[in-house]
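S.K.: UniProt numbering numbers the first residue of the sequence shown as 1 and each following residue consecutively.
Hint data in this document are derived by calculation from the structure and do not stem from the laboratory. Bear in mind that the values here come from a model prediction, so they are computed numbers and not experimental data. In this text, a Cβ means the ideal position worked out from N, Cα and C, and glycines have one as well. Don't take every hint at face value.
[Said to hold, decoys possible] Each computed BS3-like pair below joins lysine-lysine, with the alpha-carbon atoms no more than 27 Å apart:
| hint | residue 1 | residue 2 |
| --- | --- | --- |
| 1 | Lys127 | Lys103 |
| 2 | Lys101 | Lys247 |
| 3 | Lys270 | Lys62 |
| 4 | Lys247 | Lys127 |
| 5 | Lys84 | Lys103 |
| 6 | Lys173 | Lys59 |
| 7 | Lys156 | Lys62 |
| 8 | Lys247 | Lys92 |
| 9 | Lys270 | Lys205 |
| 10 | Lys156 | Lys168 |
| 11 | Lys84 | Lys156 |
| 12 | Lys127 | Lys101 |
| 13 | Lys168 | Lys101 |
| 14 | Lys101 | Lys173 |
| 15 | Lys103 | Lys179 |
| 16 | Lys68 | Lys168 |
| 17 | Lys68 | Lys173 |
| 18 | Lys103 | Lys92 |
| 19 | Lys205 | Lys84 |
| 20 | Lys68 | Lys270 |
| 21 | Lys62 | Lys247 |
| 22 | Lys92 | Lys205 |
| 23 | Lys179 | Lys84 |
[Unchecked claim] Quick list of simulated restraints, FRET-style, between CB atoms:
| hint | residue 1 | residue 2 | range |
| --- | --- | --- | --- |
| 24 | Thr253 | Arg181 | 19 to 25 Å |
| 25 | Arg157 | Lys103 | 38 to 44 Å |
| 26 | Lys101 | Gly75 | 34 to 40 Å |
| 27 | Asp251 | Ala219 | 43 to 49 Å |
| 28 | Tyr242 | Lys168 | 21 to 27 Å |
| 29 | Leu69 | Tyr215 | 21 to 27 Å |
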Amino acid sequence: MLRFTAALFLCHLLGGGNCYYEKRTWSSWSSWSSSGGTGDGAHGYGIPGGNSDSGGPMKIPKIASPDKLFNCPGGSGMTPEARKLAVDEHNKRRSDQALGKAKSEMSPVKNMYKLSYDCNLEAVIQKYMNRCKYGHSRPYDNPNGENLYARGGTHKRTIEEMVTGAVKGWWDKEINHIKARADGVYFYDSSGPVIGHYTTMARDKQVALGCGYKYCPGASYPEMLFCQYTSNNVEDGRVFHYGSPCKQDSDCTLYQDSVCLASEGLCSIKGHENGHTEGDQDSDSQASASNAIYPGMILIWSFFVIVIVCSL
1 MLRFTAALFL CHLLGGGNCY YEKRTWSSWS SWSSSGGTGD GAHGYGIPGG
51 NSDSGGPMKI PKIASPDKLF NCPGGSGMTP EARKLAVDEH NKRRSDQALG
101 KAKSEMSPVK NMYKLSYDCN LEAVIQKYMN RCKYGHSRPY DNPNGENLYA
151 RGGTHKRTIE EMVTGAVKGW WDKEINHIKA RADGVYFYDS SGPVIGHYTT
201 MARDKQVALG CGYKYCPGAS YPEMLFCQYT SNNVEDGRVF HYGSPCKQDS
251 DCTLYQDSVC LASEGLCSIK GHENGHTEGD QDSDSQASAS NAIYPGMILI
301 WSFFVIVIVC SL
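Between the sequences and the hints, there should be enough to build the whole structure, so can you do that?
M.R.: Listed below in C-alpha cells is the structure:
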C-alpha cells in the first residue's frame with residue numbers, strides 16, 4: 001500500500017494530477033462497442049458514469065476554448081477550419097435531433113445542448129494519436145467519450161474531408177438502427193448493430209468535443225481522425241429525453257448558467273453559443289492551466305514522497 005501511495009504521489013507530482021488507479025479488469029468495461037459495418041474503421045465506446053437524470057443543474061465542465069478563429073495552442077494535426085467544421089457538423093445534427101427532424105420515428109428532444117470546441121480534449125487525443133496506433137485509449141487512462149475514424153487506400157484526403165466522413169459514419173449510418181421508444185433513446189437501444197458513436201454524439205448533456213488528426217504512412221489505415229467528448233456513454237442509460245425543445249432560458253435545466261437558442265432548439269452554456277468562448281480569450285493559458293504545476297505544490301509533494309519512500 002505504501003508503495004502504491006508513493007507511486008500515486010509521484011504521478012500527481014509529475015503528471016499534473018491526471019492519475020487514475022483502477023482495480024477493475026479490462027473485461028469489466030462491458031460497454032465497449034465496435035461498428036465494423038461502416039467500412040471506414042470507425043469505433044466508439046462508453047464507460048459507466050452519470051446520466052441525464054441527475055436531479056438538478058450540474059456544474060459547468062471546464063472548457064479550454066479556441067479563439068474566435070478556432071486556433072488552439074500547441075502542435076496538432078487539426079486546422080482552424082477542421083475544428084469549426086467538426087463543431088458545426090455535430091451541432092447541425094443535434095439541432096435536427098432537438099427539433100424532431102433527425103428521423104421520422106423520433107420525437108423532438110428537450111435539454112439538448114450545443115457543443116463547443118475544447119482545445120484540451122484535442123491535446124489529449126492528439127498526444128495519444130501520435131503513436132500511430134489505431135485503437136481506443138483505455139478508459140482508466142482517459143475517461144472521456146471517444147469516437148474513432150480511419151481510412152485506408154492511396155488517396156490522401158483533406159482533414160476537412162476526414163471530419164465530414166467521420167461525422168457521417170458515426171451519426172448518419174447508426175441513427176437508422178435506433179429503436180423508437182416513448183420517452184427517449186437509451187445507450188445500445190439498437191435494432192441490431194451497435195450505436196455507440198451516435199449515442200456519444202447525441203447525448204443531451206454533451207457540451208464539448210476536441211479532435212485530432214494523424215497521417216501514418218505504411219499503416220493499414222494511414223489516415224486517422226479521433227474525437228473526444230466531455231461525456232461518455234452509459235450502459236442502459238438515457239441518451240436524451242423526448243420533449244419540447246427550449247423556447248426560453250428557463251427550459252434549459254441540465255447545467256447552471258444555461259441559455260436557450262430557440263431557433264436551433266438547443267440549449268447552450270452561457271458564453272459558448274458560437275462554439276467558442278465569447279470575448280478575447282487567452283486560449284494558451286486556458287489549455288495549459290489543467291497541466292500547471294506550481295512550485296509550492298512541488299515542494300509539498302516532494303516532501304511527502306521522500307517521507308513515504310524512506311519508510312518503505
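S.K.: Checked against the structure, which of the hints given earlier come out wrong?
M.R.: 1, 4, 6, 7, 12, 17, 23 and 25
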